[in-house]
Each structure stands twice: as structure tokens, then as C-alpha cells.
Amino acid sequence: MLKTEALRSNRRRHTTSTPKIAYLAGMIALFAVIPVIYILIRALTGDPELWQRIIQTRLIKLFSNTLLLLLAVTTGTTLLGVSMAWLTERTDVPGRKIFRWLLALPLAIPPYVGAIIHLALLRPRGGLISQWLEELNIPSTFLPNPTGFWGAAFVLIIFSYPYVFLLSAAAFRSLNATYGEAARMLGRTPWQTFWQVTIPSIRPGITAGALLVSLDILAEYGTVALLRFETFSSAIFVQLAGRYDRSAASILSGVLILLALVILYGEFRIQGQAQFTQIGSQWRPAALIHLGKRRIWGFLALFFTVLVSFIIPVGLLVFWSTQGILDHQTFSGMQIGSKGLVSFIFNSVWSSGFAAILAVLFSIPIAIYVVRYPGKISRLFSRLSQVGYAIPGVVVALSLVMLVNRFLPFLYATSLVVVMAYVVRYIPQAVRSSESAMRQLSPSLEEASRLLKRNAFQTFVQVTLPLILPGLLAGSALVFLSSLKELPATLLLRPAGFETLAVRVWIWSEEGFYFQAAPAALLLVVIAIIPLFFLLRRESIFKQ
Amino acid sequence: MLHKLWPVLATITLILSACAGSTSQPDAISSIENENSLSGKLIIYSGRSEPLIQPVMTAFQTKYPQLEVLLKSGSNSQMANTLLEEKANPQADVFITTEVFTAYALSREGIFLPYEPVGYQNLPDAYKAEDASWVGLTQRMRVIMYNTDLVSPDELPASLFALTDPKWKGQIAAAGSTNASMQAQIASMIQLVGQDQTEAWLNGLIENEVTFFGGHSDVRKAVGAGELKLGLVNHYYYYLQLAEGSNVGIIYPDQAPGEMGIISNATAAAIIKGSKNLNAARAFIDFLVSEEGQEIFAEGNYEYPLLTGVALHPDLEPIVGLNMANIELAQVVNHFEATFDLIDMANLP
Amino acid sequence: MKLEIEQLSKRFTGNQYPAVDNITFSMQTHEILCFVGPSGCGKTTTLRLIAGLERPDQGIIRLDQRIISDMHTFVPPEKRNIGMVFQDHALFPHLSVFDNVAFGLQGLRKAEKKDRVSGLLELVGVEALAKRFPHVLSGGERQRVALARALAPEPALLLMDEPFSSLDAHLRLEVREQIRNILKASQSTVIFVTHDQEEALFMGDRLAVFNQGKLEQIGLPETIFHDSGSRFVAAFMGDSDFVRGTSVPAGFHTELGLLEQQNDYSPGTAVEIAIRADDIDFQLNQQGNGKIINRFFRGAFNFYRVELDSGAIVHVFKLHTEIYQPGERVLTYFNAGHPLKIFTL
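Residue numbers (the numbering used here), protein chains in the order written: chain W, 1 to 544; chain Y, 1 to 349; chain X, 1 to 345.
Source of the hints: derived by calculation from the structure; they are not laboratory data.
Certain hints may be false.
To be verified - Calculated cross-link-like contacts (lysine-lysine; reagent style BS3-like; alpha-carbon spacing at most 30 Å):
1. W:Lys-20 x X:Lys-79
2. X:Lys-79 x X:Lys-214
3. W:Lys-61 x Y:Lys-63
4. X:Lys-2 x X:Lys-214
5. W:Lys-339 x Y:Lys-169
6. Y:Lys-41 x W:Lys-339
7. W:Lys-61 x Y:Lys-167
8. X:Lys-214 x W:Lys-543
9. W:Lys-61 x Y:Lys-229
In isolation and in its complexed conformation, chain W is listed as follows (with noise of 0.2 Å):
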């Protein structure tokens, strides 16, 4: 009896005729994957003796390279995240609401600039701490070599770590105290409830944060060019900025493409899983536990940690520019040719804010398809529409060049490419915003409103839309924030003249000058803190 309806989930229904919104959705898609099956077809189309030298000399030194950073990062941040998220959650170690939002703001740093810090400070004899150890006469041997493997590690630990604090975080407040109390009733401690029900639980929360970690650390660029360990993302920089040949750049993009989008698929596979800690309406907090004498060492750990990720770096940037500010031929050094500092701010706003606005726009006929069209086809074109995430910037940059030189000249060299960049790499983070305000939003109030004599246009404008807005917003917020941080796809691609804050603070910092630098650093860490109190507003952990 059932069999007839069974396949079909609530109300979400298939039709047989292809809506119009599937065309849209379909070149959308098409528009997020081109660059990646291109520098795919050109990976696989190399000559086969480069692949070959490839394989021998550097294939193997890149990829342990590669997969020790994203081991060693995503155990670490998902160490540091998850306890810090349950000392915040779970315990009552003082001022625990404050510390949830200095957990997140890291993000607001990019690990370029946290990179720039930690060289700045801890250079053996050059660093800060060193010139301040050898005033006080006590010898810097003892401090570690910032650079290398350890050192690219730490820094992105230190400032990767907030998206598991994150969702881990929320996956402790959604966590229903029933668990752990069933678990008790039958017969655990409290320790192995922990091991047992709660870690569990939250695992599909901890494994997304960790799977994006790692797509973030395939990326990321300037923090392992800046600490000298190679990885796949900064070999292809060197490829394309030291050599005439781009073969050898896409050969290895596409090693590192197919790498990231493995991570990708994985992820896809968890996000399923992810929502099995909805908060129902019988949700009770689970007690908070009570550390005793250990709240000290609690409310340590986390200072500690906000000190090192947050109000260290932060207060440097500040220190060194007043110092930058104060003298003046070092801000008179902030002026390239007629442009300051208000026009890199300038250029860093509307490229980003105008990238978020194309992403949401494009990823809306994706979300409307998806989540109202479900079916194979709609599936495809969204999670196609999100290879973005396994594209890292050098790549973007790398496949834009190629492609918008030769099929659209007219665009070439102009800083529109950039924002086509940003939009490319962080589409799917407007998608996944919009996909997840569209299933929240009951189709019968669609329905209704079609049923009250509006078409489908006017109901998406009268009722789809401010019902989705705020998803939306925050999916630009989210793209605007990524958009301001990205460094290596500005560099390439940016036109002469086209100076944004983050490009302006590593070409200053790859010189050496920091005070020069630290402005621009500082301004963009506010300007990314804007969006993010925006985003971090709407989590769950943040509301009362």
C-alpha cells in the first residue's frame, strides 16, 4: 500500500517536465566546473615525458609534503576545536561566553598574515622575541626554527582551528542531554559517556570541520611559501611565476585538483550525516560539568589560546602601525604611484563585495533546483557547482589566465577576472547557504502564495525571497570575507594598478616591510571582522 508513495520524501516531488530554472542551474554549474576540466584536460593531455620528470623529481617530496601538513593540521585543529568548543560548551569555566566569540575570530585572519607574525617574532636573532631575549642576556637557541614543516603547521593550526570550535560547538549545544543520560541509566561514567555517546554524536560535526580544514590547507599559499615548506600550492606558484612552461603548473593543478576533490567527495558524504544533531523541540541542554579546582587551568587554555591566535597577533599589527603611521616616510611609502591606502581598501571592498553578490545571485538557481527539483541531475549540477572548494586559488588563477585570455579577450586583464576568481572559488560557499535557506523554507508557502494568484516570478520576489534573505546574506557574507583574504589568484590575476589590501600586505611583507605592511593587515582584519560578527550572530552557540 505504502509502496506507491514510499520513495517520495514529505513533499518534495519530482516532476516530469524540465523546469526552466534547470537550464540556469545547469550553466551555472558549468561555469564553477569549466576551469577545473580544463586545467584537467590540459594535465592530462602533457607530454608524458614532463609527467614522467614530474613524477621522478617531485611528485612524491609534494605529495607526503602535502598529506603531512593536511594530517598534522587537521589533527591538530580538530584537537584544539573540539576542546575548546567543550570547555565553552560543556563545562563552567569562567567567562565561557565572551571566549566562544574570541574562539572564532580568528577567521578574520588570514594565515598569510599570521604567518607574517610568527616569522616577525620568532626568527632566530631577527625575531622580536629573540631581540628581546638577547637585551635581557638569555640565549634564543632554545627557540624553535619557525619555518618548515612545524612551523607551517602551527600557524595554520592556530588559525584554522575556529571551524571545528565551530561546529563542534554547535554540535555540543545540539547534543540532547537525554544521551548522556540514557547512557548513564545504563550503567556509564562519565568518561565513557564522553567516548561512548557524545564524541560519536558530534563526529559528523568534527569530520565536515576537519574535511574543509584540509580543502583550506590544499589552498592555502602565502603561509607555506612565507614559512618555505612546499606543498602542491606553492610549487605551482613557483611553476607559474618561475618558469615560461605552464605544463608543468597544470600537470601538477591537476594532481592536486583530483587530491582535493577526493577530500570533496568525503565531505559530501559526511554533510548527510551532519544533520543527525538537529536540535528537536523536547532539546534540553545537557548539565554543564563542574571543573572544581581545574576551571583555572580551563579558563588558562583558552586564554592562552586566544592569546596566541588572536590578541597577540592583532596587537602587533596595531603596534606596528602606529609605528608605520607615526613615521613619515614610512607612510608616505604606503602611497604606490597616486594610489593610498584608500584605494586599496577601496579595491578589496567592491571586488569582494561585488563577488559575493555574483555568487548568491548564481547559486539561487542552483538552491531553487536542488532543493524543489530533487533528483540526480539537480544533485549533480549542485555539488558540480561547489568543485570550487577543490580548486585552490593558484589553480583558479592558472585556468583563468588560459581560458579568459582566449575566449574572452575584452574581460582579460581587467579586475573583473579577479572578482570571476572569487566567485569560482567561493561559489559553493553561496551555495551551501542558499540550499540550506531553501530547505528551510516550506514549499506550501509557495504553494500558497500560487494558490493566492501570484506567478511563479512574483512569488519568488514576494515570498521566496525575503523568507531566504537572510541565508543569502550570509552566504555573501561568507564569500565577501573569503573573497577579501585570497591572496594567490589577486596576485596573478590582479591588472596593473589593481592593489587590494591583501596584495599590498604580502608584496610589502615579502619585502621585509612590516611597518609598511601592518596597516593595510590590520584594516583587512577589521574589514573581515564585520562579516564575520554577522555570520558568527547566527550560530546557534551565540544565541541565548
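For chain W, the structure is supplied; the task is to place chains Y and X on it using the hints.
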């Protein structure tokens, strides 16, 4: 239902591309050679480190306030790549490179528009293109700088090849493979001492755990701070570090009779074929090789001006009296492929 | 005829069986027709086909003599002049109660709109809530606002899709009475979907019983209950149990004994007899034909579950004073006083 938004989007795109610094609109080329009439945009691609090119750009900008001087700087080969990519769709007006081989190679690809700037005859023939498609600006040498607090004069390495001596293990800084000066040096060495010896030297550097930085600014700072004892740099980085008050010294390597001599090179500039502001491009090249421009390079950057008659910076060691390597430009250019092969084989970062 | 449906069918892609299978019926003006059936029986899909929210694979839908859907025509929902009350009410969360109700009143002048909305809010008894937003309303209030909104454009036909399913049980009884009165007062023509047979019997002027995409029976509530057209209708609408029997000249031979009843079947035909708890009785008897499984106390009654020796389960009403223990052997027999419904196997 969204298709109705497309016209709106298209309009926004157009407006933004118009105001986003689109460089594709041709600027009217005035036929009157009135210097003060220069206007529009002058787009400069530079493979040189930004601070080294800024002063001369600023001076030029001050001279022509109507002109909007736009700079895109990156690594030398990144900019060269871009120029090759843009051959059919040129964007830049002027290219400034940190070494002549790139200029030579790009000239062979037909990227440049020949131009003989004012005072062309006063520039040395060794650093001019035969067809006047590019012109040398300043000369510089590959030297070793050292931290005088950490290295005593009697143990100084006298040759580039001494850098592979294990006694310097982990104490040398150099620029990595993306750096054009480094690339050019390797290409020159292939011509001077042969491929095998160059490869051995590179492998020696790797074995000696040389710290490779992205650029020479990092190298000079590392040596200046005493983070590392020796640095392989262009000579002016030593002077720039010295000017910051660090205790550093300079070594002119391979000076003994029979040794290879100092590897020198020149920065160069050229006008891009298809430049949309030819007058401004010409004026800029004129300015670069003018006495005023050459003085800026000499004074601010400690470079050796190529224009005869421009005074060296007083601290600078005159070239006369130094044993300079005999570099054959046309030959070295042919070694570039081998250079990149060596770099890849040695896994130079 | 107000609404005529002919041979309407719909199969969703990926499903083997049609959700709506060749359905034909018609209804009168001012009538309340109740679609009833278990979940997944096709009643909601039929409703959505009428609304224009789904496209049929075949069939004709005619509203007020106008074809709104057939092989060539598909009038979009906004042009059908049909109103709908959704299961989740679907009140627009970004609009106030007033604006929700006014949403369907395009083209009216402001004053007219205001009058009409006030009139409707008064009709459904929520005039005090005009400025509120849906999220602060109670379930019953939302229900009534949703009805007012659907009635506002004066639709030719009103569709209600399980409108009470989100309400608490006690509220449901209260609301459904009010709603039925409002529907009757506004002289609406209504199709009302429910899976609750009791609600269907209460709400519908006529009932249409759906099963597996097919329309099993359509008729007055009494007919459906007493004269079920199929075994399914008897089971679903009539709470019937079934015992097997064989046709004999005097009636039907069963394990409960002989049912004396006029019979048109040829002797020897295997049949099933639908029986309700008040159609049979039992006595304690060690040599009986079954045993008591359970007793459920229902206030005025005891409700016994009896397993016959054949394994068939039947239910029996007894007075609240008659208490027997599970496990006791009983003799169960017919005690109807009216003809029972017979179905061939």
C-alpha cells in the same frame, strides 16, 4: 524566473568593467610631441623588486601629473609569462626586467616595439638590443655578503664555488629558483663553466642546506640580523643593508687569475608592441636612461648606471679593476632551458 | 456540476505504481467532500492535481464547466480560482495576519481590502489578531487565519489538506466544529483531505475513500459506514474484523456458526464476513471456538480481543461489569440483528 535578472546583471557588469580600470580603451595618441600633454594610463610590468623601481616611477609621475602610472610587479618570469600570454591582446606599455636574458628572449618572440631613446648612442653596446627592441638601464654584480660579527675576514669564501664547502653548512642565504637574478646566474654559469660543474654547484648548495628565500630582501635581512652568516645577492642589497646600519661586508668572488670572474648582468626596459600609450611609453624609457633617471638608480639603489657620465654612488666599488666574467648574451639565452632543467633536477626551492 | 474529474492519473518518476490511478468523480456546489484514506493512498496528490500544483499524466479536470487541466490545457494554479488551506497552514512568516489574509486580494482598493479582511477575520473569530505575526499565534488561531486567507479571494473551490493534523487532539475536536460551521456559513464548496475516518465522517457531506491511488467508494457517510463497497472500505471506515465463510442455502457457514442471512451467492462460494464488535458476542465455554487474548477497559464498555481457533482475531463489546480473564476459552457467536456485509474472496 531568474532570466529577467540577466539584463540587470549584464548592465551592472558593463558599468563595473567600465569603471574598474579597464585598460582596453585606447588612449588617443597625440602626434604632437609635447611632453606636458602626456595623459591617460601608463602600464608598467616590472620583474624588479617593487621598492627598487618605486623611486624612479614616482619621479616620472611627478613630472607628468596628468599621466596615471600603473604598476604590476611580480617575479621576472611571471611578468614575462604574462607578456607572452598577452601577445595577441597586449595590456602593458613598458616592461622592466631585472636581467637582460629575459629581454633578449622576449625580443625574439616579437613582444617588443623597437625604440631608440634620447641619448641611445651614449649607452654601451653590450647592453642594447641589436634591433633596439630593448635597452639596458643599470648594471649589477652577483656578490657574497657576510655578517662581519659572525665571519672573520680570514675565513671569507673567495669564490662562489666555496659556498659548497661543508664548513658553511646551514649558514648561507640565497634567493630561490623563482628569482630571475638567480636564474640568470645559473644560466651564465652554464656558459662559463659548463653544465656539469653548474649542476654540481647547485647540488652542493642543496647539500649545504642553503636557506632559499623568495627574494633578496629577505636574504640581506637574514644576513644583516645575523640569522645566517653569508648571503648570495646582487651587490646593491649589500649596500642597502649597510645603509640600515647592519654590520655586513661584501666579497667580490672569483677574482683570482684564471677564475671565472664576477657574474654581472643588467636591468633592462622595453616598449611592448601594441602599447596603447606609445608617447608615454617612449617618454618613460627616455626618462629611465636620462641622466635624471640614471641618477635615481645610482643614488637610491647603488646600481651601476649604464649611461656614461653619470656618477657612481660614492660608496660603490668602480667596475674598472674588477675581474668580470665574460658573458656571451646570445649564448646564455640558449642555456635557459637547461637552467630550468637543472633547477628541477636539483629540486631548488 | 461544480467540479468534474475524469480518469485522472499521475505517476511520479521513479515510482513503479501510480500515485493517482484513473480517478473519476464530480461534486456539487456548496458541498463538502471528504477525501479519506491511509497515508500514501493518493488523496493529497489528487488534491494537488486539482490545485494545479502537480501536472497530471492524463485525465480531465473541469471547474464550473471550464477545463482547467487536460492533455492540452494546463491552467497554472494562480489562474484557477481555487483556494487552499495547507497541512502546515503555510502562513507567510514575514507578513502580519492582516497582510496574510489581504495577500490574495490584489486589485482591490485599500478601503475595500480592509473591509473584506476585517469581515473574514471576524468570520473566523480572530479579528483581534490582525496586527500579530504568525509565529506568535496558537495552533488553532493559525488554522483560522489560514482559512480566512484561503477564503479571501472567494475561490470557486476550497481545498483543505489535513488542516487539523498539526493540532492537539482536544483542540482538533473544538476547531473542526467551528470550521465546519464557517464553511457552511460561507457556502463554500470544499474538498477536505484527512486520514482520520472519524474526522471524515464528521466533516464530509459525502466521503470519497482512497486506497492505493484508486477511488474505492464515494457516497454519504452512512452509506460508506453501513454499506461499504469493498473489504478495504469496511476495514478502514467501519473498524470491521473479518471471518471466513462458505455460502450455503440458508446463509453462510462460518466458525462462529451459521449466519442466517439472505444470500445471492451460489453454494460453496468462499466469502469473508465483515463484523464489528457489536455484531457478535461470546460466553465462557471450555468447548468454545476461541480464547480471550486481552481486555481493554473503555469506561462504559469492556472491549475484548478474541482469537478464534482458526487464528482470526475479532473484537467484542461487553458491559463494563462483565469481566473475564485473558486465556479463558469462549464460545463466540453472531448477535447482529441486521444483515452483515459479505465480500467474496
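Okay, the hints, checked on the actual structure:
Of the pairs offered as hints, the one joining Lys-20 (chain W) and Lys-79 (chain X) holds, with about 20 Å between alpha carbons and a cut-off of 30 Å not exceeded. A hinted pair counts as satisfied when its Cα atoms are at most 30 Å apart, and Lys-79 (chain X) with Lys-214 (chain X) qualifies at roughly 28 Å. As the CA atoms of Lys-61 (chain W) and Lys-63 (chain Y) are separated by approximately 52 Å, the hinted pair breaks the 30 Å bound. Between the alpha carbons of Lys-2 (chain X) and Lys-214 (chain X) the distance comes to roughly 22 Å, so the proposed pair stays at or under 30 Å and holds.
Distance restraint check for Lys-339 (chain W) and Lys-169 (chain Y): the Cα-Cα separation of roughly 44 Å exceeds the 30 Å cut-off, and the hinted pair is therefore not satisfied. The straight-line distance between the Cα atoms of Lys-41 (chain Y) and Lys-339 (chain W) is roughly 13 Å, inside the 30 Å bound, and the hint therefore holds. At most 30 Å may separate the alpha-carbon atoms for a hinted pair to count; Lys-61 (chain W) and Lys-167 (chain Y) meet this at roughly 27 Å. Between Lys-214 (chain X) and Lys-543 (chain W) the CA atoms are separated by roughly 49 Å; this puts the pair beyond 30 Å, and the hint is violated.
Restraint check for Lys-61 (chain W) and Lys-229 (chain Y): satisfied, since their Cα atoms lie roughly 29 Å apart, inside the 30 Å limit.
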